[in-house]
Structures are given as C-alpha cells and as structure tokens.
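For the record, the sequence lines run as chains D and Y. Note that the first sequence covers residues 1 to 585 in my numbering. Note that the second sequence covers residues 1 to 232 in my numbering.
Heads up, some of the hints might be wrong.
Unchecked claim - Which bits of chain D does chain Y cover? Going by a derived footprint, with three or more residues having C-beta under 8 Å, they are:
1. 45-51
2. 99-105
3. 142-148
4. 210-223
5. 279-290
6. 419-425
7. 447-453
Don't read these hints as lab results, they were simulated from the structure. From the three backbone atoms N, C-alpha and C, an ideal C-beta is built for every residue, glycine too.
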Amino acid sequence: MMRAHRFDVIVVGAGGAGLMAARYAAQRPGVSVAVISKLYPTRSHTGAAQGGVGAALGNVSEDHPEWHAFDTIKGGDYLTDQDVAERFAEEVVEAVYELEHMGLPFNRTPEGKIAQRKFGGHTRDFGKSAVERACYAADRTGHMILQTLYQQAIKDRVNFFNEFHVLDLILEDGACQGVVAYELATGTLHTFHAKATVVATGGNGRIFKVTSNAHALTGDLMSIAYRRGLPIEDPEFYQFHPTGLYKLGVLLTEGARGEGAILRNGVGERFMERYAPTIKDLAPRDMVSRAMYLEIREGRGAGPDKDYIHLDLTHIDAHVIEERLPDITEFSRIYLGVDPVKELVPIQPTAHYAMGGIPTTIDTQVISDGANTVVPGLYAAGEVACASIHGANRLGTNSLGDLIVFGRKAGMESARFAAGEAHGDLPSGVQDRARDLVETMRHGPRKERVAHLRRELQESMQDHASVFRTEAFLRKQVGILRDLNERYKDVGVEDEGHQFNTELLEAIELGFLLDNAEQLVHAALNRTESRGAHSREDFQERDDAEWLKHTLIYQDPGGGPAGDGVRIDYKPVTLGKYEPKPRTY
Amino acid sequence: MQINVKIKRFNPEADARPYWAEYTLEARGADRVLDVINHLKWEVDGTLAFRRSCAHGICGSDAMLINGVNRLACKVLVRDLGKRITIEPIRGLAVLKDLIVDMEPFLDAYKAVLPFFINDDPPPPAERLQSAEERAVFDETTKCILCAACTTSCPVFWTNGRYIGPAAIVNAHRFIFDSRDQGAAERLGVLNQANGLWRCRTAYNCTEACPRDIPVTRAIEEVKRALLWRGA
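Turn these sequences into a full structure, and let the hints steer you where they fit.
Rendered as structure tokens:
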C-alpha cells in the first residue's frame with residue numbers, strides 16, 4: 001500500500017532543532033508544516049542534555065557575545081567559521097530569551113533572572129578565567145527545552161507523524177522534493193512531497209561502544225544524504241565527553257565541574273592542573289578526555305584495573321548537589337550504587353557528539369560541494385548538520401545553542417523558500433529505493449545477526465578510532481569496516497511481520513551506522529594532523545599550512561584513490577578577527 | 001547468574017490473544033531490565049517488540065509493568081528484582097504488539113489540559129522575572145517525561161479510560177503554579193469536568209510508579225485545593 005502526503009515544509013526529526021524549525025516555519029502565513037519523527041517527539045535525545053545553554057546574558061557576571069564567539073572559535077581549534085560563530089553568539093542571546101518567553105522554567109538568580117553557571121571553555125575577556133554563561137534548568141536543561149518546544153507545538157497545532165522512519169530523500173535534478181518514510185505501526189511506505197525539507201535528526205553516537213547517545217542515534221540522514229551523493233563535512237571530529245559513567249557511558253554533566261567538581265586520578269591527584277593550569281577541570285572536552293586517557297595509560301587510573309578516573313563532588317554542599325544536579329546524582333546512585341555526595345564517582349570518556357555532519361551555509365541551506373553550491377529545498381540543523389560552528393571541538397552548552405539558533409533559522413528559511421515555490425513533479429518510482437531497502441532486509445539470508453555485527457562495529461570503532469588515532473589503527477579499521485559491510489549483505493530478520501517490526505528497522509539502522517563509521521574513519525585517516533577532537537599520535541601538531549580546511553567526504557562506489565569507495569574534497573575555513581594561535585588554557 | 005524472565009506477548013498478525021513466553025538466560029545484577037530484553041531480542045527472538053531509546057530514564061519510552069510495578073525498563077536493575085522477572089505492557093491502554101501500547105489516548109488527555117505556557121502580555125526585551133521561590137513551587141512537576149507509568153498504574157484509569165489521569169494533572173500543575181502563566185482558570189475548568197480531577201481517589205499508585213520521583217498525589221491535591229479556593 002502506498003500513501004502520499006503533501007506539505008509546504010516537512011521537518012525530519014522532532015528534537016530541539018526540528019521542533020524549533022517547525023515552530024518558525026509554521027509562523028509564516030499560509031505555509032503548511034509537518035514533522036516526521038522515528039520516535040514520539042518527547043523521546044528525542046535533546047531531552048538528555050543536562051548542563052545548560054550558553055548565552056552571554058551577563059546575569060551573574062559581565063559577559064559579551066564577542067567573548068562567547070571567541071571561546072567558540074578557540075574551542076573549535078580555529079576550524080570554526082568565524083562569521084558563523086559571531087552571528088551564533090549574538091542570536092543565541094535572543095533565542096534563550098525566546099525560550100523563556102515560551103515558559104521554559106530556568107533556575108533563577110536572586111534577582112529573578114535566568115541563572116547561569118560556569119562551563120568548560122567558556123571564559124571572560126578572551127580566556128582570562130571561567131565565566132558563568134550556561135543558562136540552566138537544574139541538570140535537565142535539554143529536557144526542559146524539549147518539553148517546552150513540544151508544548152508550543154501542541155499550542156500551534158503542528159502536524160506530527162510519529163514513529164515514521166525516513167528511509168530516503170527525494171532528490172530530483174539536484175533539488176529536494178521531500179522524503180519517503182516507513183510507518184512503524186503498519187509497515188507502510190509514505191511519500192511526503194514537500195517544497196522544502198528540513199533535516200534535524202541528531203547524531204550518530206551508536207557507532208561507538210561506550211556512548212551517551214540513545215539507541216535511536218544511528219546517523220540515518222547522514223547516511224541517506226551520503227548515499228544520495230551529498231558530502232559529509234568534518235566527520236573525523238567526534239567529541240568524547242569526559243564524564244560518562246564507567247562502562248555505561250551515561251552522561252554526567254560538565255555542569256558538575258561548573259559547580260566545583262574535580263577530576264582525580266587513581267592516586268587522588270587533581271591532574272588537570274598539569275594540563276590546563278588556568279581553567280583546570282573546566283578545560284574543553286577534547287583536552288580533558290585526552291588527559292584522562294593519558295593518566296590511565298601512564299598507570300594512574302583508578303579501580304582494580306586502573307582503567308577509570310574519579311569525579312569528586314564530595315566537597316560540594318549536599319544541598320547544592322541535590323538542587324542543581326539531582327539527575328546525575330540519581331544516575332550515579334542507581335547505575336553504579338555510588339552516592340556522589342559522599343563517594344567518588346567512577347567515570348570514563350563517552351562518545352557524545354558529532355561536530356561534523358551534512359554541510360550547510362550560515363543560513364542552514366544544505367550544500368553539495370566546497371564552492372557552497374546550494375541544494376534547493378534542503379535544509380539541515382542541529383547535530384546532523386555542520387554549519388561549521390563547532391569546528392574541531394564543540395564547547396559544552398553550544399549544542400543546545402546550535403539547536404535553537406539554527407533550528408529557528410532553518411524554519412524561517414525553509415518557509416521563505418517554500419512560499420515562493422510550487423510543488424515540483426515527483427520522479428517516477430519515488431518509493432523504489434526505500435522499498436528495496438525494506439524488502440532486501442525483510443528477505444535477507446539471515447546468515448549474520450544484526451546485533452553481532454553492530455557489536456563488532458562499536459567495539460572496533462572504540463578501539464581504533466576514538467580519542468587517540470594512528471595510521472595503523474585507522475587502516476586496520478578500514479579493513480574491519482570493509483569486512484563488516486560484506487557480512488552486512490548476509491543479515492536478515494526473523495520478524496517478517498508488518499506491524500511494529502522494530503527488528504527490521506534495527507537492521508536498516510545498522511547499514512546507516514556502517515556508512516557513518518566509514519565517513520569518520522576515512523576522514524580521520526586522511527587528516528594527517530592533530531586538531532581539536534581529532535588527535536593523531538603520528539601527527540601530533542596542528543598543521544595550519546596544510547589543514548586549516550574542512551573535509552568534505554563523498555561516497556564514490558568503486559572509486560576513490562585507494563579503491564575505498566570514498567572521495568575527499570575540501571572547503572575553506574572562514575577566518576576573521578582571530579588569528580589561529582596555539583590553544584592553551 | 002541465571003534468571004527466569006516471563007514476558008506477556010502478543011503479535012496482532014499471528015496471535016488471537018496474549019500469551020506468556022518464558023526465557024532463561026544469564027544476567028548480571030547490574031544489568032538493566034532493558035539490557036535483558038535487548039539481549040532476548042538480539043540473541044533469542046528478534047520478533048520481541050518494545051520501545052526504547054535513551055536507556056537511562058530520561059526519554060520515557062520503556063515504561064512497563066515489571067514484577068507488578070510500573071517502571072522504566074532502563075531504570076530498574078536485575079539485582080533489585082531477583083531471579084524471577086515478569087514483564088507486561090502497562091495497563092489500560094490497548095496493546096499493539098508485545099510491550100508496545102497505544103499512547104494516543106494518553107497524549108489526548110495530556111493535550112486536553114492546555115499543557116503549554118499561556119501569557120498574552122507582550123514579553124519584555126529580556127526574561128520575565130521570577131523569584132527562586134516562585135520557581136521552586138512547580139519544580140517537581142517540570143520533571144515529567146510523559147512515560148505514562150503513573151496514569152497506567154491508576155485503578156480509576158483502569159476502570160474508566162476516559163479519566164484524564166495523573167500525568168495530565170501533573171502537567172496542568174506545572175503551569176497552574178507558574179507565576180508567569182495566565183491560563184490557570186481555563187485549565188482548572190477542564191479539570192473540573194466529569195472525567196477530571198475529582199475522579200482521583202488518592203490511591204497513591206501514581207506516586208509510587210513515577211520514575212522521576214514526582215510527588216504526583218501531592219501535586220493532584222494541590223490542584224484540587226486550587227480548584228476549591230480559586231474556583232473554575
């Protein structure tokens with residue numbers, strides 16, 4: 001059975017960026033909008049963000065968007081496009097006030113203003129000391145953003161297609177005409193014909209074994225865009241958050257360190273004093289995660305196997321912990337049986353955030369090459385996108401800032417585009433690719449189990465392509481991925497039903513994950529320098545002469561210099577006021 | 001250790017009625033129930049259907065009736081349950097497949113209480129001011145993740161599926177007690193209707209079921225009092 005729908009704007013993904021886009025698209029008179037999500041909207045992973053959204057409100061101490069822009073650029077190890085950072089730092093102030101006007105329950109200062117706290121890499125006066133910039137709602141800021149935006153969507157009567165899994169972008173003559181999606185409840189394919197499509201589907205952290213990311217974060221649209229010939233920008237820059245619960249990867253907010261928590265190695269030393277003498281535990285995430293790895297490697301890890309680090313909150317007032325960090329306190333108590341008020345919490349870096357993604361202009365239009373050629377009708381925002389804001393390493397809180405600033409922009413821009421366009425003609429056989437994907441998997445040979453391949457993928461990515469990288473390990477991983485891709489042809493599913501066939505979708509998602517891993521590993525192998533979150537032990541220095549440029553990686557079946565099926569191109573970094581300098585804190 | 005897991009299963013494309021399936025498997029005390037059912041799905045029977053996403057109790061996808069109590073499968077550990085684990089879909093909502101239920105009636109009740117900020121005054125250029133004390137009044141009810149554990153543990157809801165239920169009241173509370181909001185009267189009007197707030201018999205099941213530790217019954221009582229004193 002085939003179903004067809006027509007809207008002016010469709011938004012794929014119902015997290016912070018998607019809901020923000022839907023809201024702003026719908027505000028344009030006469031523009032019809034629908035949101036398609038593979039989850040119910042409030043299940044989106046924006047809800048797991050904890051610590052805050054950075055904006056230079058200056059409610060606690062003096063602050064300026066210019067300082068925020070500088071921190072973002074320096075935090076991104078100068079791979080951040082400086083025009084984007086400057087506009088972002090201005091607009092995020094406005095966007096935070098808008099969230100408050102939508103009712104978001106921020107914590108408050110004694111004057112009744114939005115409360116703010118310190119966060120990694122956010123400084124006053126170009127790096128002098130840490131500054132209170134993160135606007136927060138306890139340690140559930142993302143939850144409150146997601147709930148608030150969903151509440152507004154109910155008020156605005158936004159059309160939702162929940163538990164619809166997008167399997168293809170409709171691209172015809174270089175322009176986007178919508179998407180094809182699989183309805184989980186019935187197994188039916190639906191065509192969503194649109195003048196403009198906003199992609200806001202989040203990250204791909206499930207390529208790694210230890211991750212803060214939800215099961216749903218399988219990089220679907222990054223893979224679909226790639227299969228459709230579009231490039232992925234900067235996938236080698238993948239952030240490991242320093243404080244994941246040991247072995248589980250469940251996130252413990254950097255806001256804990258913002259409130260004064262300290263990292264200690266196995267001998268109790270506050271080791272960050274050696275790595276970042278000025279801001280210590282509040283150094284950016286890439287530096288802290290590397291420092292933790294080095295401490296463990298040099299035998300100063302904690303625990304019986306000396307393979308983790310401690311997060312120490314025991315000196316913080318118990319009342320502050322319960323009031324400002326209630327959720328992470330509970331996570332620690334439930335999952336590890338450790339009470340942070342009294343005990344040290346075992347932690348390790350956890351795969352957290354893709355700085356790269358589907359490349360866009362500053363106005364969220366998707367581009368297809370290094371000359372900024374726009375794909376008409378296609379927009380992207382949030383973690384799935386790469387507006388070149390986070391560069392080589394995202395600062396804490398800038399993910400939530402990204403969602404609201406670029407989600408809003410994508411909503412406005414897509415609606416403006418749609419208002420001036422007619423629906424194009426859909427290509428014939430519009431559902432063919434999606435149907436092939438479903439039917440191939442439904443009738444697969446079942447010689448391999450999806451869960452086994454996925455585990456091998458996640459473990460090997462963790463071992464060979466995570467915090468530290470070398471040519472040897474990355475080459476080994478290229479081989480492993482080639483093998484996994486071959487074996488993927490032999491998977492299949494036991495569930496041949498049509499209703500709620502979640503097994504079928506997990507199998508399809510594994511294919512998406514494999515593409516995401518391929519993008520990351522090839523780009524990491526190609527970039528022979530260390531910058532931000534991309535740390536090559538065989539090329540330890542940043543190399544601005546050769547590498548101050550964005551990667552664009554394309555799928556190139558059968559092609560590529562080494563026959564690896566990928567092609568790599570580049571896009572210049574937009575520089576500005578701030579000359580690239582060595583990055584010390 | 002070896003554990004025994006019983007799951008109430010139902011495939012609408014194959015089964016006339018639900019049945020119990022039993023599995024014996026190895027698990028560790030620190031495993032989440034979600035890890036257990038993932039293992040079953042991934043290694044034993046791929047057709048087992050349930051919702052899950054974040055796996056640490058914040059997305060609200062995996063509320064289930066586990067050993068007789070509504071909980072999130074990702075927030076309860078094997079060691080807290082013992083070697084015999086019984087899992088059923090949450091009650092009072094139509095079962096669509098295995099542990100997946102129809103969430104639409106639950107969301108319809110939520111939407112009925114106008115669960116969004118209402119304030120028609122033009123906003124100031126910066127934030128609306130609110131004291132820390134005013135903010136604290138509704139802190140607990142901002143934690144709701146719409147998992148439906150409370151509403152589907154409520155005996156009143158089991159017998160009357162049109163009862164608006166604790167989750168909707170919690171979300172009404174979140175706005176009624178927000179000093180910045182102006183929609184309290186309208187919401188109280190909705191809650192004062194036949195299948196509204198007064199159906200609550202203070203069974204406390206909701207409070208015990210809430211995986212976010214929201215004092216649900218207390219919130220309901222506060223809304224009842226608001227309705228008595230402010231009127232609707």
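Hint check results:
1. For the region 45-51 of chain D, the assignment as covered by chain Y holds, since 3 residues bring a beta-carbon within under 8 Å of that chain's beta-carbons and 3 suffice.
2. Counting residues of the region 99-105 of chain D whose C-beta sits closer than 8 Å to any C-beta of chain Y gives 5, which meets the bar of three, so the coverage hint holds.
3. Evaluation of the coverage hint for the region 142-148 of chain D: fulfilled, as 4 residues show C-beta separations to chain Y shorter than 8 Å, against a requirement of three.
4. Counting residues of the region 210-223 of chain D whose beta carbon lies closer than 8 Å to any beta carbon of chain Y gives 3, which reaches the threshold of three, so the coverage claim holds.
5. As drawn, the region 279-290 of chain D meets chain Y at 0 residues by the rule of a beta-carbon pair under 8 Å; below three, the given contact is violated.
6. Given as covered by chain Y, the region 419-425 of chain D fails the check, having 0 residues with a CB less than 8 Å from a CB of that chain where 3 are the minimum.
7. Note: the region 447-453 of chain D has 3 residues with beta-carbon separation from chain Y under 8 Å; the three-residue rule is met and the coverage holds.
In terms of the numbered hints stated before, the structure departs from hints 5, 6, listed from lowest to highest.
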